[in-house]
Every structure is written in C-alpha cells, then in structure tokens.
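Visitor: Both chains come to you apart, so use the hints to assemble them.
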Amino acid sequence: MDGQSPSPQNPKPVVKLTPFSLIGVSVGLLLAAVALLVWAKTPQHYVGAFFLFALLGAVVTFGFLGATGVFKTRNSQLGGSAGVLVTILTILLKFIGAGELHEIKGVVYLNEGVVPKARIILLETDRLGNEQSIEPKDNGQFRFTVSGKKKEYKFRIIIPDAGETNMIAVANREWLTLKVDSKTLSQGSKEPLADLQQLCQVENAACTVFLFDYLHEQLGPDELQTFQNLQAGRLDKDIRYDLESRKLLEGGIDFRVRRCSTSIKDSLSAKAAASTLRVPAVVWGFIKKMPDNKLVSVTTITFLDQQALDFASREDIGSDVTALVGLERSIQGAPLAIAALVVGDLYIRKGNVELARKTLLYAQELANGVSPKDKADFMKVVNSRLEGLEARNPAVHLQPIGGP
Amino acid sequence: MNRAALLMSLVLIFDPLCPCQAMKIGMMSDPEWFQEAANKLLLLEYDNSLGGSSGMQLTEALGRMALATMTGLDGFAVIILEQENPPLRLTQETVEMLAKRQHCPVVIWGELYEQKGRIFVVSHLRFVADAAPTNAHPLEISWIMKQPESTEPRRATAALPTHQIDFAPITISRDNLESLDRLWNKAFILREAPLDSSIKTGELTRGSPYYVIGATNGWTKLKVREGGEGWVRLGELGQNEAFKESIGVVLFAQGMMQHLAWSTEAPVSFDRYLMDYAPRQPSMNHALAHLLSGFSSYMDSSLNRRESIVPIKQHFEKARLLLPNAASPVNSLAVALFSQEADSAMGAMEAKQLEKDLIRTIKTENDSDAVRNLAILYQLPRAQDYFSSPEQTFMKARETNLGVLRDLEKQFTRRKQ
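Quick mapping for you: the protein sequence lines, in order, are chains A and B.
The numbering of the first sequence is the numbering used here, which starts it at 744 and goes up by one.
The numbering of the second sequence is the numbering used here, which starts it at 152 and goes up by one.
Be aware that a few hints might be false.
[What the hints assert, rightly or not] No more than 30 angstroms apart at the CA atoms, straight line, and that leaves these computed lysine-lysine pairs for DSSO-like:
| no. | chain 1 | residue 1 | chain 2 | residue 2 |
| --- | --- | --- | --- | --- |
| 1 | B | Lys561 | A | Lys990 |
| 2 | A | Lys1123 | B | Lys507 |
| 3 | B | Lys503 | A | Lys990 |
| 4 | B | Lys297 | B | Lys464 |
| 5 | A | Lys990 | B | Lys507 |
| 6 | A | Lys990 | B | Lys464 |
| 7 | A | Lys926 | B | Lys507 |
| 8 | A | Lys1032 | B | Lys267 |
| 9 | A | Lys815 | A | Lys848 |
| 10 | A | Lys892 | B | Lys267 |
| 11 | A | Lys897 | B | Lys351 |
| 12 | A | Lys1093 | A | Lys990 |
| 13 | A | Lys894 | B | Lys395 |
| 14 | A | Lys1123 | B | Lys514 |
| 15 | B | Lys267 | A | Lys922 |
| 16 | A | Lys1118 | B | Lys507 |
| 17 | B | Lys267 | A | Lys1031 |
| 18 | A | Lys894 | B | Lys267 |
| 19 | B | Lys251 | A | Lys990 |
| 20 | A | Lys1093 | B | Lys561 |
| 21 | B | Lys267 | A | Lys848 |
| 22 | B | Lys514 | A | Lys1118 |
| 23 | A | Lys1031 | A | Lys922 |
| 24 | A | Lys990 | B | Lys469 |
| 25 | A | Lys893 | B | Lys267 |
| 26 | B | Lys469 | A | Lys1118 |
| 27 | B | Lys267 | A | Lys990 |
| 28 | A | Lys893 | A | Lys1032 |
| 29 | B | Lys395 | B | Lys267 |
| 30 | B | Lys469 | A | Lys893 |
| 31 | B | Lys374 | B | Lys351 |
| 32 | A | Lys1093 | B | Lys514 |
| 33 | A | Lys1037 | B | Lys267 |
Just so you know, the hints here were simulated from the structure itself, not pulled from any lab data.
In isolation and in its complexed conformation, chain B is listed as follows (with noise of 0.2 angstroms):
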C-alpha cells in the first residue's frame, strides 16, 4: 500500500462524518476502506480484455448510483477498486479474499468486450457470508417445531441454492457510449444549488472520499475531503434509458445488503427487480430474486404472516419452476407450508407434493436440509391425515423412511466432516 494510501485510511478511521453514505475507489491491494461503515457494498474494476478506461468507468457509475438510490440503510458505503499491474484474476478465492479484507459481504463485478463502438457488459455478483456482520439478517430462512414425543425441537431450514449469480449480458451503443462520456463529464461538476445551471463550486476528484450529506429531487449533497461541498446528479446514469440495464445488478445488490440490515425495504427492491429485471436473466438469477422476495417478506416481523405466506409461497413456487433439480425451493415451500400449517391445515395434494419433490431433490442433490424438511413433514400432527393412509400402514412406512432419513443424515454429515 503506498504511503497515500495509508494516512488517508488512518483519516478515515477517525472521521467523524462516518458512520456515513460514502464512497471511495481505492486499489486491490488497499486495507480496508470505511471501517466505521455498517453496510458495505465492494465493486472490483470491470475487466475490458482490449484494455482502455471503459471498464473502470462503468464501475465507478454503477458505483455512484448504488450510493445515490440506497435506501433504509444507515452507515452505507461503496468501495470500489480498481486493477493493478499485473492484474488480479478474479475467480470465486479471490472475489472472496478481497470482500473479506474490506469487511463487504456483497461483491459485484464483471466484463466487458468493446467491439466495432459497441460495449457488451456481463456483470456478476457473489454473497461473501464471511464478510457479513454478526448481527445480519442470515440468507436461509427457518421454521421451528415442538415435538410432543421429542425434547429437542426440529428445525426446518432452506438456504440459497447459490451465493454467486451471473447477469445476462447488456449492449451498449456508440451513440449510447458517446452520452455516457457527456453524462460522466457533467457528473464530476459540483454545484451550489440542484440546478443544472447553478454556479460551480468544484470537481469530484477520483479516489478521493467523498460522503453524501443530502439528496432532493435526483440531486445529492455531497461532502469532499478536500473541504468542498455541492450538489450532484450521481445517479443520472440510472435515469438514461439506454442503460437502465446495466443497474439491474445494483438493484439485485441493494436488496440483498437491505435484507442483510434487516430493512423491510428489501422485499420492494426484489419485487422491482423481478418486475424490470428478471425476465431478461438465467435461471438461477431470476430464481435466486423470487428466493430473496420470499425469504425478506417470511422473516418481516411486521407482515401478518397468515396473509402474507400465499404471494411467499408463489414465490417459492416460481422458483422451483425455474430450478427443477435445486433443493432450495422445495426446501424453501416446506418450510412456508409448516409455517402455515401452525395455523391451518395445508391441502392434503399440497403435501404429497411436497413429499415427492423434497424425496427428488434427496435423490438428485442428497440434499442434507432436504432430509430434515421431509422427516418433519412425516412428524407433523396431521401427517396422517395428508397421506390419507390407514393408520398401521402410515406408521409402518413413516417408520421405514425416517430409518433411511437418519442413515442419510449420519452419511451426509460424515460426509462433510
């Protein structure tokens, strides 16, 4: 680290303006940035394999718009950093070792190939749960059940099935680079008042901090280390409809890092995303976004949970369409239906369903949460009932397989082990 480098993280450590929204763009090798900053979002140079400044310019205005349209977070902060010589290759270590030094738990990043003027933009985006805080909103959801017959509770969980997600590539064009060249001009002007033709009262100058101190009608105040003030457009970028694209993957990000804070904001931003976004994405992304919207609106103390369980569960649903073999969303309806069988009985189809998909997903991924769901579906008090078995030959074969659930559970954790 140069000697830079290390005085001003030392300032920041002291700063009295954080905890903050805030930005920085730093290098690779840099220790952590905004050590006072609950939230942190990390957003790694964008690769342009031709070289050239287009990929670290694209970083840095998704870095701007993430940090002028969060919200319900306090103390947010995005650090972006930038290559050095020889490069980093990003693989899922090295995303992971740098997320983990800057304390972000979510990581965004990507590539660019620029040919005959146009730019195709492929951008990704990984959960370091490593990199969390302790106190952060898990990304696994879970129901408890009180077994009269047992003295330790059973615990259904569903996790994500990945913590990585690619986002299908965007094209942009000359005329459309060309703009974003003016725009990126325009947005470095610093103003006294949040009007286009306001006086100037100076420039953002690149990786220097500088720390939002107000925002109105698309415009935010910002703070710059050097004792400047004024006013931006930061997120002018997003309003362009030629890249309304490209903040898919901030939109994706603030989401996760609301549902991490615990902000109820965050079933809003995935339900957005799911409505502008998704469509256009692989399968895992979209899934991954209606896993997300079910998993915030499930752990919203504040939603009545007999009324919001039915658009939770289309949720989960729509994902297990998307993922046919993956245990998480099947993982995922059971624990939504033991939660709304503490209420309500479920469908008696509901649950042999349920039943034959989490026996698939055992099969297929010999998926160890997957086990615990099906032997407390087996264990419900009305299991009986949903099977529509006689007595002595419901508890013969719910025996039967809950011996072969525990062998599994033995084999799977040996396994891990």
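Bound-form chain A, shown alone (with noise of 0.2 angstroms):
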C-alpha cells in the first residue's frame, strides 16, 4: 500500500510510534505539566498544565492504538485520541470549576508602614506553593491563588530580626490588609524574660499594664494566637473606654494594655518583670484545651505595691476563645478593677486628690470581680489608699443637720 495516495475507499493506515519517541513525548509532557501545576499561580496555568497531562493522555492513547491495531486506520487513531484529549480535560477542567480558583492579595504593613522584608505563608491550605517572600521592591504586597472562596484567611508572617506571628485576614476587599505591631512579634525559642526590655517597649510605663503570653496546654498555635490578640485587644480598648465613660482618664492620662510576646511562670518572674519594666502591674495565665474540647484559664495579675500582690481572676471556662475571653459581654473582672487601682495610684502621684477618689471608689465598687480568696487584699490595699485620702477631704467636717 505505501507510495499509493489516500482516497475514501483506500485509508490511511494507522501510524506506528517507535517505543522511544512514545516515552520520550510522554515524558516530556507529564514533566511539563506537573512543573506547571506545581508553580501554577493563575487561573491560566492551571488549565495549561491540565491541557498537557491532557495532551499526554492522548499521546498514550495514539501510540496504543497503533501498536495494538485496534483501530485499521488513521482517522480512527486521530479520533480515538483526540476523544481522550477531550475526556481527560473535560474532568480535570471541572476540578478547577468546583474549586473557583481566584487570587488572594494583599499588603503587609509592619507598625504604620509597608514591611520592607518578610517572609508570607498561607496557612490551612493544601497547595505546595504557600510561601513567598516579600522583598523591598514588592512594596509590602503578596499573591496567591487558592482554590474555593474563603470568608477569612490565615497567615504566618515571619519578619527577619523581628519575629514571627500569625494572622487572619477577612476577605471582604479586593486588599487584605496584614497590619503587624512589631509588639505583638513572638520571638518563637528566646529563653522568657531574656531581653524583655527590648522586646517589651513602651513609652510611658506608669500608664501601661503589660500582658505576656499565657502558658498553655493541648492548644494549637493558631488558637493561641488567637486567644492572646483578641485579650490583647479587648484589655486595651474596653478598659480605657470604660474608664473614659466614667470621667476617670482625665489630665492626659494614657492608660493602655500592651502585649508582651513571652511567657512568666510564676509570680516571681512576673513580679521580676514588672520591676524591670517598671510597670504598675502585669497579667499573666494559664490556659489549657479539656478533653471535653472545652477551654479553661485563669488570669493573674501582678500589682507592685509595697510587696507585689497576685491578684487572680475567677477561673473562665469557655468552648472557644471568643467564650474565654468574654467577647458577649462587657468588660469586668480583676483586670478592670486593678486598671482603676492602677490609674488612682496615677491621680495620688500627680496630687490630684477628687479623681484619685473617685477612681478608688470605683476599683471599690468592682472588687467582687477579684476572685474571692484575693478579694480582701485587693480591698485592703484600695482602702488604704482611700483612708490616705480622706485625711486630705476639705468636706470631711461637714455632718447632717436631719441627723445620721
């Protein structure tokens, strides 16, 4: 037959592909589509590197069905592939369909400004190329694509001489937006309390109670993290709106909760820490996962006084972080009440004798927020306070004329 032209009656014979140059397409193409799948960054290589293992699968097929013979002609063999072609991209290209592949991006900032360097991981994510680095020409900004939409997303943002956190991002804007307080960097394997006056700075140290790392049991880093932001957060805010809702942050008063990225273990080290840091108090804990999933801390807090006093909260019990920390109701408890202590003691040294009792009254009206076996200290050490005070009350003579 060979040397006679092709006609409808006379067929193409099927084409016969040596072993060697099979293997050899074959593999070139499975090699190109995994690197493609494994660096894949758009929407557009994926579907590049389903087309070549595509493609390959109708390679495979073309060589079969001319070495096997059961196809007679050429045509057949074209459209026995091209059928493989068309099955094995019709199935893959529905993965990308059932997986909305899209890209995520978004800016790093670190304190007020873009992050020079860092390094970016996506958290909870199957895809192999989760990391990037973020160097100073990139502008603080990252890209990935991730199949499947997400409400939220989490990240590690590792800064080099800084440290290393992790974050959730809501997806509601074309932008997420990573902002990083250099203060809030954990330090990962630094012994605790080594450089705490480097890694826990402040301005003003009268004002501001530090909140170190809660020590912890069973607990994924993620919900640690977690946990300590959203404390962080909620200390901060809610006790200086309280306080200013009250009239009680008045003559540039500042008070502030800051974070203190490492652990104490014991009421020596924090009593340690609040000396070095030259803080009124610090708030340290435990917290512990239950075999039950449910979550239990307790707070202490460290107020330096005469002699340091660990004032301990009541012992919280939550299913989650959010529980935990009380994010469903108003600020109360020990940390509120010793920030009143803390911010009258700030009144007494500036001579500013109605706030300062005004302030003590309330840390007074909230001791029943100390847990009950500290509550008499806490009010031993208010009232002290308060019997100091009234000895310089100008209205103190002034007595009922209607009788007691």
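Guide: Shown next as structure tokens:
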C-alpha cells in the first residue's frame, strides 16, 4: 500500500510510533504538566497544566491504538486519541470549576509602614506554593492563587530579626490588609524574660500594664495566637473606654494594656518583670484545652505595691476562645478593677485628690471581680489609699443637720 | 484632602437642597461636610482589628438607619468618616477633634471582632459640647431660687455624669452575616416606586452624598447628586430581628440630638431606649438614659410641671440606684425637688434623704454642683420644718454647714482655675 495516494476507499493506515519516541514525548509532557501545576499562580496556569495532562493521555492513546491494531485507519486513531484528550480535559476542568480558582492579594504593614522584608505563609491550604518572600521592591505586597473562596485566610508572617506572628485576614476587600505590630511578634525559642526591655518597650510605663503570653496546654498555635490577640485588643480598648465613660481618664492619663510576647511562669518572675519594665502591674496566666474540648483559663495580675500582690480572676471556662475572652459581654472582673487601682495611684501621684478618690471608689465597686481568696487583699490596698485621701478631704467636717 | 473632596465640599456649601436630610461618606481627614445642616450626626468607621470591610459596612448601615428613622429634626445630616492609612487611633482627643471639625455634637464609633463566622460589636457614643450649635439645649437642668435676703438669685444645677457611654457587646452570627450581605446589596438599589417589584432606576454610589426627599411605609425616597432619584429601604436593617440590638446606639443618638434641638420627641426616644435596650447595658449607659429622659421632660415647657415631676423624679431615682457614688443623679433629684417645692412642700423624709445624699457626694466626688445645691436646700423657706429642729439649733447648725460649703466652693473654684 505504501506509495499509493489515500482515497475514501483506501484510507491511510494507522501510525506506529517507536517505543523510544512515545516514551520521550510522554515524559516531556508529564514533566511540563507537573512543573506548571506545582508553580501555577493563576487560573490560566492550571488550565495549561491540565491541557498538558490531557495531551499526554491523548499521545499515549495514540501510540496504544497504533501498536495494538484496535483501529485500522489513521483517522480512527486520531479520533480515538482526540476523544481521550477531550474526556480527560473535561474531567480535569471540572475540578477548577468546583474549586473556583482565584487570586488573593494583600499588603503586609509593619507598625505604620509597609513591611520591607518578610516571609509570608498561607496557612490551612493544601497548595504547594503557599509561601512567598516579600522583598523591598514588592512594597509589602503578596499574591496567592487559591482554590475555593473563603471568608477569611490565615497567614504566618515571619519578619527577619523581628519575630513572627499568625494573622487572620477577612476576604471582604480586594486587597487584604495585614497589620503587624512589632510589639506583638513572637520570638520563637528565646528564653523567657531574657530580653524583656527590648521585647516590651513602652513610652509611658507608669500608665501601662503588660499582658504576657499565657502558658498553655493542648492548644494549637493558631488558637493560642487568636486568644492572645483578642485578649490584648479587648483589655486595651475596653478598659480605656470604660474608664473614659466614667470621666476617670482625665489630665492626659493614657492608660494602655500592651502585649509582651513571652511567658511568665510564676509570681516571682511576674514581680521581676514588672520591676524591670517599671510598670505598675503585669497580666499573665494559663490556658488549657480539656478532653471535652472546652477551654479553661486563669488570669493573674501581679500588682506592684510595697510588696508584689497577685490578684487572680475567677477561672474562666468557654467552648472557644471568644467565650473565654468574654467578647459577648462588657468588660468586667479583676483586670478592670486593677486598672482602676492603677489609675487611682496615678492620680494620687499627680496630687489630684478628687479624681483619685473617685477612681478608687470605682475600684472598690469592682472588687467582686477579683477572686474571693484575693478580694480581702485587694480591698485592703484600695481602702488604705482611700483612708489616706480622707485625711485630705476638705468636706470631712460636713455633717447632716437632719441626723445620721 | 483630595481634589474631588474639595470640589464636592464647595458644591455642598452652595447646595440648593440643604437644609436637608442627607448622608455622606468621607474620609477622616476631610473638611466639614454639610455646613448648612443644623443637626449633624458623626459616625466613625468601626475598627475591625483583623481588617476587612465589615467595619465600614456596619457603620454605613447604622448611618442609614439613623437617616431613615430620625424624626423631629430639620436639616439633619449623617456624616460617615472612613479610616485612612495609617488609621487614626480613636481616643477622647481624636474623637473630639473630628467632632469639632465636622460640627457634630454626637459621635458614634466602635470596634468589632470577627471570630469563627461571628461578629462581636462594641459601640461607643460621645457628646462633644464644643461642637454643638450655640442655641442647642444644654445637657444640664437648673432651677433658680430667688432668696429674700440676697439680691443674687441662686441657681441649682445638675449636669450629666459623663459625655461618653459604652454599649454592651452584641453578637451577629454567620447566618445573620449572610443576611446582612443580602440586605446590603438590596439596599443599594433605587426603585421607581416604593415596592420591591418596581423598576430599578439606579444605584447608590459609595462616597457620593444623597438627600432624603420623601418617605413612606419603611421606604425612603432619595435624590442622588448625579441626578437620579428613587425609592430605597434605608432602614431595613433595623426591622431585621437579628440586628435589632445594633440599633440601640442609633436610638440613643437620636434622643440626644432631639434633646439638643429642643424637640419634644426626645423623651419618647429615651423611653423607648429604656424599654427595649437599656436593661442589658452597663450601669452608666442605663443611668444616663434615665437622666436624659428626665432632663428632656423637665425642660419640655409644654408639659404640666406639677404632673410631670413625679415620673421625672422616678427617672432620677433609678439613675441614683444605678450610680450610687455619682453626684449627677443626686443633683438632678435636688433640682426636681426644688422645682416641686415651689408648688407644694416636699416631704421631710425626702429633704433629709437629699441632704444625706448631697453630703455623701460632696465627700466622695467633691462636686461643686452638689455644694451649691446643698446650700440652696438649707435656704429653702420651709427648711426648718423639713429638718424638724428647734429654731435656734437649726439656725446654728445651718450656719456651720453653710460656712463649710462656702469654703468648699472657694477651694473647688481655686482648683479648677
């Protein structure tokens, strides 16, 4: 038949590929497809990779059909392999449809500017390319392609010579914003309290209470980070707004709760930390996940008086960190009571007797938030200050005419 | 400020639609919006510590509800300011600075925390006296006593215990978040008639001001600057049960603005707030609603004082129980009792209790209003009867206490200076 021109009655015979050429083409296609899939950054890259996989299937089918003689004509051989290509491509593209490949992009800020250099890892994804380096030329920007839309994405951000942190970004805007506060970066394996002054810098120590990382048991790193971030944000803002709403933050007193990313193991370390940092109090604690998945935490506040005093909150129990932090209720408990005591002391030092008395009376009202075993000590501290103020009260001689 | 904002502010200064009911979303650094509007409410973007647009969405929803539900005010405008980069830390000073720049006496802001598909929202409200119009109703009550032995009339006064209040956190679930998204998308569509099935005439554009030109059955007719107009459900969020809690702050702000504008609807708003929202709020918030309800009724000249004084006193009494150490509720009770005393004698028990409460607050807060109010109590024409002492004993004890009070007043004045 060789040398004859094909005609409908005399069709072209099948093409028989040599094993060497078939294997060579297949391996080439396979490598190209895998490489494209691994490094895919856009949906187009995924489509390209899937096309190469389908083409590989088509080439193998083409060779198989030529070698086995199942089909007798070249057209049938081509048709069979084209059918395989279309079938494989259709199946693979369905995965893209189901996963809704799309790009997420964002900017990482460090304090008030874009981060100059960092490594960012997209957590909770099965993508291989879930890690990127941010260089100064990137202006803090990153991009990932993900399959399936989520309401929020979790990232680990590692900043050279500064530390690392885990963050969650809500995917409601085109550009995700990850704002990293250098004070909240964890130092990984550093010894606790080793570089305390460097780790927990603050402008106005007298108005600041430091919140240290809680010791923990059976808690995942993400869950712990979420707890720490929520606790720090909540204590800082809610205590400040509560005191402001009672006109107790007057005369430039800027009370703040700042996070210090290292742990405190006992009261002795807590006292040492408060003395080193020259802050009036430090907050530290312990959090544990129980076998029934409930979370239990105990918060202790070490207050520096003539001697260090530990005031513990009641034990908090919650089904998740939000319940533990108490996001669903107004701020209360030992942290608020001790904040009032700290601010009362600041007014005494400033010589503002009225505001000192008013703030300490508020601390007295809040005493029930301190654990029962520490309440007496707390009241003793507050009352001793109030008694001192009473001696300077100009209204002390005023007595009711109508009787007591 | 960018050029567009400058042009827009120039346009608004000469806006033929103002005074009006209007709303505008601007940026924190913007100059004053709606200069012609007499009553302006400022909302600052709710801080979402994890980023994302939920904070702005919630702020805008609250602003729309305020615009849709405000009654009793002419020339009411809502200004929403969005955070810029870097964001402004919202402290007492920065909130007051923004309020003064925008001439908005009432400011709302807050925070939200998103966790596992739930949002926890905390709101705050601040009254900024320096940003209020000069003819605004004061946030204090007073009563003037003409003393026979003195040419100077003495003025009993009671002010609010604070100008900032916090609202209890509210929780919005994932399901409700999704329904917020649906409502949100729907609330941007302008329709030809106040019906969901009516033809779409346009959409609201974020950042562009719009003006209320009509309202019916929960629908609001808006005119958009670009020329379009149509009906929209501005306050739909407030009718959704899941978001009912979030509008407590809007209702409180409305009551406050109505009070400042001398509207007789202020007590109605506060009484509604007290019934629907206050019991779950922190004591300061709850007490302030009672005080403001009492203040508004006290200053309403259309009410018969003799009949209205009893519920007014009840409001002040409830505030006193909620804030046992604060001078404000006791001073308010004093003003109400003095006002009542002009018509009929107060009870001796009431007078003695008031004296004790005033002395306690003077000792705890060194409050100068309480000092003046106690001096007036001692000089009421029927004072001797109230304290049921023999004349000589009463006169001597009164002179001693008045002497102490005069010294205290001098000391407090010196400290303030």
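Visitor: Next, verify each hint and record whether it holds.
Guide: How the hints compare with the structure:
{"no.": "1", "hint": "B:Lys561 / A:Lys990", "verdict": "holds, 23 angstroms"}
{"no.": "2", "hint": "A:Lys1123 / B:Lys507", "verdict": "holds, 26 angstroms"}
{"no.": "3", "hint": "B:Lys503 / A:Lys990", "verdict": "holds, 29 angstroms"}
{"no.": "4", "hint": "B:Lys297 / B:Lys464", "verdict": "holds, 23 angstroms"}
{"no.": "5", "hint": "A:Lys990 / B:Lys507", "verdict": "holds, 24 angstroms"}
{"no.": "6", "hint": "A:Lys990 / B:Lys464", "verdict": "holds, 25 angstroms"}
{"no.": "7", "hint": "A:Lys926 / B:Lys507", "verdict": "violated, 50 angstroms"}
{"no.": "8", "hint": "A:Lys1032 / B:Lys267", "verdict": "holds, 18 angstroms"}
{"no.": "9", "hint": "A:Lys815 / A:Lys848", "verdict": "violated, 53 angstroms"}
{"no.": "10", "hint": "A:Lys892 / B:Lys267", "verdict": "holds, 16 angstroms"}
{"no.": "11", "hint": "A:Lys897 / B:Lys351", "verdict": "violated, 39 angstroms"}
{"no.": "12", "hint": "A:Lys1093 / A:Lys990", "verdict": "holds, 16 angstroms"}
{"no.": "13", "hint": "A:Lys894 / B:Lys395", "verdict": "holds, 24 angstroms"}
{"no.": "14", "hint": "A:Lys1123 / B:Lys514", "verdict": "holds, 20 angstroms"}
{"no.": "15", "hint": "B:Lys267 / A:Lys922", "verdict": "holds, 20 angstroms"}
{"no.": "16", "hint": "A:Lys1118 / B:Lys507", "verdict": "holds, 29 angstroms"}
{"no.": "17", "hint": "B:Lys267 / A:Lys1031", "verdict": "holds, 19 angstroms"}
{"no.": "18", "hint": "A:Lys894 / B:Lys267", "verdict": "holds, 10 angstroms"}
{"no.": "19", "hint": "B:Lys251 / A:Lys990", "verdict": "holds, 19 angstroms"}
{"no.": "20", "hint": "A:Lys1093 / B:Lys561", "verdict": "holds, 21 angstroms"}
{"no.": "21", "hint": "B:Lys267 / A:Lys848", "verdict": "holds, 22 angstroms"}
{"no.": "22", "hint": "B:Lys514 / A:Lys1118", "verdict": "holds, 25 angstroms"}
{"no.": "23", "hint": "A:Lys1031 / A:Lys922", "verdict": "holds, 28 angstroms"}
{"no.": "24", "hint": "A:Lys990 / B:Lys469", "verdict": "holds, 21 angstroms"}
{"no.": "25", "hint": "A:Lys893 / B:Lys267", "verdict": "holds, 12 angstroms"}
{"no.": "26", "hint": "B:Lys469 / A:Lys1118", "verdict": "holds, 28 angstroms"}
{"no.": "27", "hint": "B:Lys267 / A:Lys990", "verdict": "violated, 35 angstroms"}
{"no.": "28", "hint": "A:Lys893 / A:Lys1032", "verdict": "holds, 27 angstroms"}
{"no.": "29", "hint": "B:Lys395 / B:Lys267", "verdict": "holds, 22 angstroms"}
{"no.": "30", "hint": "B:Lys469 / A:Lys893", "verdict": "violated, 48 angstroms"}
{"no.": "31", "hint": "B:Lys374 / B:Lys351", "verdict": "holds, 14 angstroms"}
{"no.": "32", "hint": "A:Lys1093 / B:Lys514", "verdict": "holds, 20 angstroms"}
{"no.": "33", "hint": "A:Lys1037 / B:Lys267", "verdict": "holds, 16 angstroms"}
Against the hints set out earlier in the document, violations occur for numbers 7, 9, 11, 27, 30.
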